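Just need the whole structure built from these sequences, with the hints factored in.
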Amino acid sequence: GENVEQHPSTLSVQEGDSAVIKCTYSDSASNYFPWYKQELGKRPQLIIDIRSNVGEKKDQRIAVTLNKTAKHFSLHITETQPEDSAVYFCAASKRNTPLVFGKGTRLSVIA
Amino acid sequence: GAVVSQHPSRVICKSGTSVKIECRSLDFQATTMFWYRQFPKKSLMLMATSNEGSKATYEQGVEKDKFLINHASLTLSTLTVTSAHPEDSSFYICSARLVNEKLFFGSGTQLSVL
Chain H
11 GENVEQHPST LSVQEGDSAV IKCTYSDSAS NYFPWYKQEL GKRPQLIIDI
61 RSNVGEKKDQ RIAVTLNKTA KHFSLHITET QPEDSAVYFC AASKRNTPLV
111 FGKGTRLSVI A
Chain G
11 GAVVSQHPSR VICKSGTSVK IECRSLDFQA TTMFWYRQFP KKSLMLMATS
61 NEGSKATYEQ GVEKDKFLIN HASLTLSTLT VTSAHPEDSS FYICSARLVN
111 EKLFFGSGTQ LSVL
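Protein chains in written order, with the working numbering: chain H, 11 to 121; chain G, 11 to 124.
To be clear, the hints were calculated from the coordinates, so they are not data collected in a lab.
Given the structure is predicted, the values throughout are model-derived calculations rather than measurements.
We put the CB at the ideal spot given by N, CA and C, even for glycine.
Possibly wrong hints are sitting among the right ones.
Distance condition first, Cα-Cα at most 25 Å in a straight line; then the derived DMTMM-like pairs of lysine to aspartate or glutamate [stated by the list, open to error]:
#  : chain 1 : residue 1 : chain 2 : residue 2
1  : H       : Lys-78    : G       : Glu-111
2  : H       : Lys-78    : H       : Glu-66
3  : G       : Lys-51    : H       : Glu-49
4  : H       : Lys-47    : H       : Glu-89
5  : H       : Lys-104   : G       : Glu-62
6  : H       : Lys-78    : H       : Asp-59
7  : G       : Lys-112   : H       : Asp-59
8  : G       : Lys-65    : H       : Glu-12
9  : G       : Lys-52    : H       : Asp-59
10 : G       : Lys-52    : H       : Glu-66
11 : H       : Lys-32    : G       : Glu-111
12 : G       : Lys-52    : H       : Asp-37
13 : H       : Lys-47    : G       : Glu-32
14 : H       : Lys-67    : G       : Glu-111
15 : G       : Lys-112   : H       : Glu-15
16 : G       : Lys-74    : H       : Glu-12
17 : H       : Lys-113   : G       : Glu-73
18 : G       : Lys-51    : H       : Glu-12
Chain H side only, calculated, beta carbon under 7 Å to chain G, not exhaustive [claimed, not checked]:
#  : residue
19 : Tyr-42
20 : Arg-53
21 : Pro-54
22 : Pro-108
23 : Leu-109
24 : Phe-111
25 : Lys-113
26 : Gly-114
Okay, structure coming up:
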């Protein structure tokens, strides 16, 4: 089955700097790659997703890139703000199969 | 995004009792819902896939007789933790998937078994 590895497990950045979180997946048939943000005690929120027919997607300060050949995808957050502090999860799936999540990255943005 | 409602948000119960958790898709129909378990500072562990009108599919290592799942309608799935024990204490969270594969989560249920 699918296996998703996520790095780093923790990340601290200064406010205004960029943050990058990387994930790799094992199943070349996976074609959907979402990213979730989870604040303490709250539900995971979908922040951006990308499909295998696209190499890059951007939404304001957040961008995701996908390298199908290498089977890895990354989340980029620019101009980080304290409210970006949370745990971020990547995930992968192929059609009609459950999402497989990475272990999460705890991002701390230091003011 | 789509709205998924989950109740209750917190349950404290005695060992040996059963607890039912409800998950509803409020503004869309969900033929498939998923139940996850999350330990503190850990990732989301898929427990089972709930399919409307049919039996749930359980992940390896998840006891189907302990975690009963019912998906009787296109907007409601329930998870019943039977004969709960302290080791069942955890954060349980449901999710529902749209036809475009986007997955939305309920607010979660913190179960504490004394």
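- Item | Contradicted hints - numbers only | Hint 10 is the one this structure does not satisfy, whereas the remaining hints hold.
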